[in-house]
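J.: In case you want the letters, here they are:
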Amino acid sequence: MKRYVVAEFAAEAPLLDAARALRADGQTELDLHSPVPLHGSDEALGLKRSIIPRIALVAGLIGAVSGYVMQWYLVGIAWPINVGGRPPHSPPAFIPVTFELGILFAALTIFFGLFKLWGMPRLHHPVFEVEAFRSASVDGLWLSTAVAPEVAEPTAARLRSLGALQVEIVEDAS
Amino acid sequence: MSSKPATAAIALDPLEPVPVLVGRPDDRALTESLVKPLYAPMTRGWKMLVTALAAGMGFWLLSLATTLVVGIGAWGNNIPVAWAFDITTFVWWIGIGHAGTLISAILLLFQQKWRTSINRFAEAMTLFAVAMAGVYPIIHLGRPWFFWWLMPYPSTTQLWPNFKSALPWDVFAISTYATVSFLFWFMGLIPDLATLRDTAPTRLKRTIYGIFAFGWRGSARHWQHYRIGYLLMAGLGTPLVVSVHTIVSFDFAISQLPGWHTTIFPPYFVAGAIFSGFAMVLTLMIPARKVLGIEHVITMKHLDNMAKVVLATGLMVSYGYAMEHFMAWYGGNKYEAFAFLNRWNGPYAAIWYVQLVCNVLVPQLFWFPSMRRNLVVLFVASILVNVGMWIERFTIIAVSLTRDFIPSSWAMYTPTWVDWGLLFGSMCTFGMLFLLFLRFLPVVPIAEVKELRRELDHHDAHAAGQPAHGEGTP
Chain A
-19 MKRYVVAEFA
-9 AEAPLLDAAR
1 ALRADGQTEL
11 DLHSPVPLHG
21 SDEALGLKRS
31 IIPRIALVAG
41 LIGAVSGYVM
51 QWYLVGIAWP
61 INVGGRPPHS
71 PPAFIPVTFE
81 LGILFAALTI
91 FFGLFKLWGM
101 PRLHHPVFEV
111 EAFRSASVDG
121 LWLSTAVAPE
131 VAEPTAARLR
141 SLGALQVEIV
151 EDAS
Chain B
709 MSSKPATAAI
719 ALDPLEPVPV
729 LVGRPDDRAL
739 TESLVKPLYA
749 PMTRGWKMLV
759 TALAAGMGFW
769 LLSLATTLVV
779 GIGAWGNNIP
789 VAWAFDITTF
799 VWWIGIGHAG
809 TLISAILLLF
819 QQKWRTSINR
829 FAEAMTLFAV
839 AMAGVYPIIH
849 LGRPWFFWWL
859 MPYPSTTQLW
869 PNFKSALPWD
879 VFAISTYATV
889 SFLFWFMGLI
899 PDLATLRDTA
909 PTRLKRTIYG
919 IFAFGWRGSA
929 RHWQHYRIGY
939 LLMAGLGTPL
949 VVSVHTIVSF
959 DFAISQLPGW
969 HTTIFPPYFV
979 AGAIFSGFAM
989 VLTLMIPARK
999 VLGIEHVITM
1009 KHLDNMAKVV
1019 LATGLMVSYG
1029 YAMEHFMAWY
1039 GGNKYEAFAF
1049 LNRWNGPYAA
1059 IWYVQLVCNV
1069 LVPQLFWFPS
1079 MRRNLVVLFV
1089 ASILVNVGMW
1099 IERFTIIAVS
1109 LTRDFIPSSW
1119 AMYTPTWVDW
1129 GLLFGSMCTF
1139 GMLFLLFLRF
1149 LPVVPIAEVK
1159 ELRRELDHHD
1169 AHAAGQPAHG
1179 EGTP
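So the sequence lines, in the order shown, correspond to chains A and B. Under our numbering, the letters of the first sequence match residues -19 to 154, in that order. Under our numbering, the letters of the second sequence match residues 709 to 1182, in that order.
Source of the hints: derived by calculation from the structure; they are not laboratory data. One should not assume that every hint holds.
Said to hold, decoys possible - Taking lysine-lysine pairs in the DSSO-like style, the calculated list, with each CA pair at most 30 Å apart, reads: (1) A/Lys96 to A/Lys(-18); (2) A/Lys96 to A/Lys28; (3) B/Lys755 to B/Lys821; (4) B/Lys1016 to B/Lys821; (5) A/Lys96 to B/Lys913; (6) A/Lys28 to B/Lys1016.
Assemble the whole structure, with the sequences as input and the hints as a guide.
T.: Spelled out as structure tokens, the structure:
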């Protein structure tokens, strides 16, 4: 059963420094919590580039291509109707729906893809056990790290030495 | 920029005389000022307004029910005027929605700082306006309970929507627009819902907000994806919003009716949409910022900028009017020329003059800074612009239909009480949805304004020629 060590910092600079120090110690399940995105957090945590743009591109292309093929098949092949002398396969007339479906697929993929990447919905998380952690969405700057039980105390001590205002250890009940 | 002379510190940016954020409240003060209206008890004024709007909503429901029971015959529509109040109001609402997406998506990509505080508000307006708009094409179907025939589903009849017609394009455009607007709006809300979860005074509120926050914990790993995803949504919303009104204008432009059949419609409709949408944001925001006590976040700077957008788009719309007339003359088509002469001296000429005053003359007030900063002028002008834009759509749609090619097929159009009920009732329903939004959700994006404050601090530190010390340090 893992332990979450949760620590509050007074300012962004010591928070990011602490994250860098713990990462140098070899901790891998580090995270920062803040009411706004912090400059430099990606670098401090060593995060790779988000894959969201790539999956959005693929989804958008799938949406557009399938939208076009759908129209081509439905009014060009399955049931051709002569409207105003336009040929059954009329590419200019198919552009609006193709475009809209490309956008729709990309947007739905971004939205649900984000939830997948976030591991949300997850209404309960061990860090919420710390009552003071409520400030993370208001003005608090927090660091959390998941460690093995025997490392929890040394990590807490290390965070205190790095300037944490308060440190708490929570058991991961999940 | 340490090489910058220190005198730069004194010179304020002459283009930004009014701040986008009054004072520099710290994160906690900012949060408290923005969530306060949500936790305060409901005021008498709010309850009275909700009651009044509920009555209007009742009128709307009655008109809808009459339409469903009696059919389209309950309306004033006839042949040749098959499209009248219904489609006019549809186009009007959709157009109003466009300003919200413009503010939230396009101005985000242009990195306009003033967009931050008003984007949630404007996007909520978009959602409710699109919801109102979406009702009209459906009830106009005649048998609205078969609305799903518009979708290409595998039916046993093996008949499919005709994708060479502009009307199925509309179905895809409007439904995509509604979906993407909602997702974008909701994405922006997630961090703020977490803030509400963590600050709400009662357990019930904490639980409800907590459920909709989906467990957001401000994680840096989450923010990383969030920022990119949010930007991409804005990138998708930008061409989308332009495409939607373009496609709406195709409903008219690709037909052959004089007054409809013109290539200027797509840009002219988009400009008109933004024109009326910004006016609607002003109409709603001027009272709301006062009542909610958020004048420090939505400042005169915002109103001033919106008035400038109203002026700019008003000029584009005026250009559209001029160009339509020019083409009617220069094109040499006598039916087209007649359609435009008919606007000036036909049976509906009176409303045409109202339209010109509202859409061409009224925005000219905003050349003057004193007018852009006068709340009464702004408020009245914003309402007039929307009256003018509704009339514009009526002129284009219904007036053009009353007199087409052959005088023997001409007919006048007169709305019935059901038409009026659908129009005013939809405004009340929109107002009702908006009041609920003001009551239960943060009107100003709290997390984004905190970021804005950091940016402004950073900007000031730069301007002062000092190295920006750890951003966000209190």
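J.: Which earlier hints turn out false for this structure, listed by number in ascending order?
T.: Those not satisfied are hints 3, 6.
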